[in-house]
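2 protein chains.
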Amino acid sequence: MSDTSTINRTGRTSNREIRRAARSHRAAGKLPYIRRRIPTVELLNDEAVEIIETNAETILEEIGIEFRRDLESLRLWRRQVPTCRGERVRIPRGLAASCCARHHASSCCTRETRRAACVSAATPRFSPVGGPPFVTDLDGGRRYGTLADLHNFIKLAHVAPAIHFSGGCMVEPMDVPEGKRHLDVQYAFFRYSDQGCEGTPETPGHAADAVRMAGILFGQDFIQANCVLLGNINSNSPLTLDGRMLGALRAFASQNQGTIVVPAVLAVAMGPVTPAGCMAELLAETMAGMALTQLVRPGAPVIMGSFVGAISMRTGAPTFGTAEATQMIFATAQLARRLGVPCRSGGSLCSSKVADAQAAYESAHTLLPTLLAGVNLVTHAAGWLEGGLVAGYEKFVMDIDQLAMMQALANGMDVSPRGQAMDAIREVGPGGHFLGCAHTQENFEAAFHQSTIADYSSYEQWSSEGSLNAEQRANVVWKRMLADYEDPGLDPAIDEALSQCMCERRAVLSDSLDEE
Amino acid sequence: MSDTSTINRTGRTSNREIRRAARSHRAAGKLPYIRRRIPTVELLNDEAVEIIETNAETILEEIGIEFRRDLESLRLWRRQVPTCRGERVRIPRGLAASCCARHHASSCCTRETRRAACVSAATPRFSPVGGPPFVTDLDGGRRYGTLADLHNFIKLAHVAPAIHFSGGCMVEPMDVPEGKRHLDVQYAFFRYSDQGCEGTPETPGHAADAVRMAGILFGQDFIQANCVLLGNINSNSPLTLDGRMLGALRAFASQNQGTIVVPAVLAVAMGPVTPAGCMAELLAETMAGMALTQLVRPGAPVIMGSFVGAISMRTGAPTFGTAEATQMIFATAQLARRLGVPCRSGGSLCSSKVADAQAAYESAHTLLPTLLAGVNLVTHAAGWLEGGLVAGYEKFVMDIDQLAMMQALANGMDVSPRGQAMDAIREVGPGGHFLGCAHTQENFEAAFHQSTIADYSSYEQWSSEGSLNAEQRANVVWKRMLADYEDPGLDPAIDEALSQCMCERRAVLSDSLDEE
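Chains A and B, in that order, give the protein sequences.
The numbers in numbering that gives the first Met the number 0 rise by one with no breaks, and the one at position 378 of the first sequence is 377.
The numbers in numbering that gives the first Met the number 0 rise by one with no breaks, and the one at position 214 of the second sequence is 213.
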């Protein structure tokens with residue numbers, strides 16, 4: 000599946016190197032790009048979906064969305080809605096949806112293949128956790144993340160069999176000044192993996208720097224014609240987009256790069272206490288943001304985002320993996336399909352502090368609905384702990400095991416003659432055993448997904464080996480994965496040009512984000 | 000939902016007592032019977048399902064099923080298939096399915112309501128783990144189960160909010176002689192809960208004793224007209240039913256009691272290495288067994304069973320919660336619906352020795368597909384560990400938390416005006432917060448499922464309270480549940496009659512099962 004491209008560019012990267020990178024993927028046990036051969040699950044009936052859509056349009060038209068501290072966004076909206084005043088834009092029924100319809104397919108090219116391989120309507124793509132300031136592992140415990148941790152997680156995602164998109168900043172490098180950090184983050188993604196990735200989205204300047212660096216990596220002409228970065232733009236729910244995010248959105252969209260417009264609606268806090276209410280609010284926000292990308296540049300790639308959960312009434316902390324969150328993930332994918340845009344949602348979300356049963360229950364009850372619902376880009380799919388505050392090394396290993404299982408599930412049931420196995424059933428007959436039969440011997444390696452962390456030994460064997468739980472076993476695995484990591488390589492000329500660019504930018508940027 | 004019945008019987012149990020029992024349920028936080036308001040998920044397409052059905056019929060017709068050491072079963076089959084010789088019955092295409100069509104609805108009456116409340120085509124019912132010889136908890140560790148443990152688990156299932164069917168022997172009371180144990184088991188179900196339950200199925204004699212005791216509890220006339228027990232009959236896969244199970248099947252069916260015909264097909268051992276092959280074999284076996292119940296007594300209640308997983312090629316141990324097992328659970332429910340019978344499958348199955356992340360991932364990846372697929376009777380839904388060898392107290396607590404979440408999921412998304420929450424969205428407006436708004440205050444208690452074991456406190460709070468993981472927190476919960484248990488009561492005259500029956504049976508039974 001990871002076919003090497005024959006497209007050549009400025010001579011900076013040879014086909015040989017590209018092929019080498021593809022080989023290194025295979026050598027590390029990388030699975031082919033996931034293909035969906037099972038149907039999407041529609042949990043809501045048409046009436047329910049139409050109610051949510053109608054309410055979203057009512058919210059847009061009657062209440063409107065605040066576009067705060069970004070005159071350019073307001074200027075673009077006033078061309079469409081001349082009557083609007085101040086920062087509140089009341090969007091007439093149907094206008095946002097018709098704007099969204101202008102977008103082009105939101106695939107994202109990878110450096111490896113220079114082909115649009117990530118995120119299309121028919122295929123799910125998994126990417127790791129993004130955003131945590133803390134990391135944890137069984138050796139070092141919970142602590143602030145560093146650039147070295149970020150490098151580790153990028154390498155782990157590069158090696159992980161079922162992760163085909165590196166995502167966004169898996170852990171904030173707290174040892175780098177906030178105002179310049181994005182340069183090291185973006186460089187790390189380009190340097191240590193050739194998978195697709197996000198662009199740093201924290202400010203308009205960060206987004207512009209990400210696009211600038213992508214231009215060096217891929218070539219300026221290439222990125223004007225192809226999406227190579229996805230920018231994750233969070234709205235400030237309820238019903239608000241702020242200036243920083245709006246500027247970043249414009250920076251990506253104006254350069255033909257992809258935008259994921261993600262309302263983070265946690266019921267009880269940023270949304271109503273009921274899922275149908277949250278979904279209408281969420282749909283209104285993401286439609287408004289996606290519509291704006293099309294006003295910036297018609298055809299710019301865009302993805303509908305949805306980050307959902309609820310606030311615990313006892314503690315105020317976010318909760319995940321609940322029945323209501325599950326319903327909202329299914330609803331997100333249905334709404335996106337009807338709107339004709341790909342969607343980002345779900346993941347392996349949890350509230351637990353440690354990679355225990357709570358973490359696993361919550362993650363599984365987020366991930367499986369995400370796959371069944373037909374979500375296209377599954378961010379936060381590996382390593383997420385403590386409501387997103389912590390990137391967990393052991394949790395990462397557990398999650399990628401589940402992602403490979405999701406890939407096997409998405410493959411669907413093989414009903415070819417090989418899958419039907421009628422010869423085996425005839426051969427073994429009543430009362431027999433299938434272990435020794437020819438069909439089993441020929442097919443067992445390909446037929447079943449083999450878990451990397453599950454223990455299937457006897458109780459006695461398991462006890463004699465120290466009675467390790469899953470978290471303890473996972474501790475061994477991520478170290479082995481880092482040891483197995485093979486550098487995909489980066490053209491020295493590109494590497495130098497990126498360093499030069501970073502030097503120039505560091506010289507003009509302040510350490511603090513607030514001073515930008 | 001748990002409405003009290005006005006049907007009176009022989010005067011043994013007054014309506015007042017029945018109402019008291021119903022009240023005690025409510026007092027303990029019991030949820031109403033679960034109702035499904037979400038669609039069933041069809042993961043396989045029609046072509047795939049038809050291939051499996053065709054292959055099952057081919058297996059029945061060409062290979063046949065062995066009905067071993069039970070002359071009466073063979074006599075019944077020879078009336079349908081005069082040409083069959085020996086113990087192998089080759090069942091002509093279509094015959095088994097047409098026999099299955101004769102069954103009546105497989106609801107099972109509960110003592111509490113004397114109404115058919117468990118297991119119908121439209122509603123899922125959860126019941127606890129059945130069969131383990133071992134128990135484990137954090138205080139006492141892994142050890143052989145006792146009658147006291149069984150009593151505990153029956154009480155826990157009685158209290159558990161989302162469990163409405165007590166199921167089968169949650170833990171083998173290894174401190175009671177094997178040949179007489181079934182009497183204590185059946186009595187314990189009748190004595191400590193008024194929920195529906197299974198009948199002891201290990202031998203024809205055990206099954207007959209279960210029916211005899213149920214006759215004392217419900218009245219002989221009542222059980223001839225109503226199903227009050229479900230007998231779990233395992234086939235000896237591949238393609239074999241043995242004398243003990245066949246005799247027990249006949250004992251239940253002949254007395255109008257329900258039979259669950261459950262092939263336990265673990266791929267690589269009792270079935271082919273491919274899911275489609277396993278499903279054809281499984282369908283052939285369960286159809287043959289279900290057809291036999293209708294030859295014994297046309298109209299006898301019957302349920303299609305399916306216990307699926309795979310054998311680890313490394314250790315030979317059963318594996319659960321894998322992609323292939325998920326596919327087979329979805330396939331089971333689809334096949335049962337097409338055959339017109341309710342089905343039993345899935346649960347909270349896992350291979351893990353402890354209630355860690357492995358246990359939770361595997362259980363969640365069994366349970367959620369079970370609910371979405373539309374399985375009717377979900378056995379092994381709480382407490383299962385180590386491939387079914389161990390009933391775990393803490394695992395039980397974790398699982399019932401998930402069952403309540405599944406019930407909330409099955410309720411579907413509320414799209415009533417209350418669920419739409421448009422007034423709340425208008426009230427709060429852009430940039431506001433929903434915590435204080437009227438809609439939140441009015442609805443938060445009913446709107447979200449509250450987990451009993453998830454921790455949502457801050458890292459600092461959680462650390463100061465001892466950094467307990469989910470398993471450790473669950474240890475507190477099952478003790479509180481046992482303390483909260485309220486005895487539903489049993490009419491003293493019935494209690495004495497049951498004791499008398501058990502005395503008489505003990506006098507004639509030997510201690511060993513083999514000597515029966």
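By construction, these hints were calculated from the structure, which means they are not laboratory data.
Note that the structure is predicted; figures quoted are calculated from it, not measured.
Hints are not guaranteed to be accurate.
What the hints assert, rightly or not - Just so you have them, the derived chain B footprint on chain A, three or more residues with Cβ under 8 Å:
| id | region |
| --- | --- |
| 1 | 159-172 |
| 2 | 350-359 |
| 3 | 411-423 |
Each residue gets a CB set at the ideal place from its N, CA and C atoms; glycine is no exception.
How the hints compare with the structure:
Here the region 159-172 of chain A counts 0 residues with a CB under 8 Å from a CB of chain B, which misses the bar of 3, and the coverage is violated. Only when three residues or more bring their CB closer than 8 Å to a CB of chain B does the claim for the region 350-359 of chain A stand; here the count is 10, and the claim holds. Counting residues of the region 411-423 of chain A whose CB lies closer than 8 Å to any CB of chain B gives 10, which reaches the minimum of 3, so the coverage claim holds.
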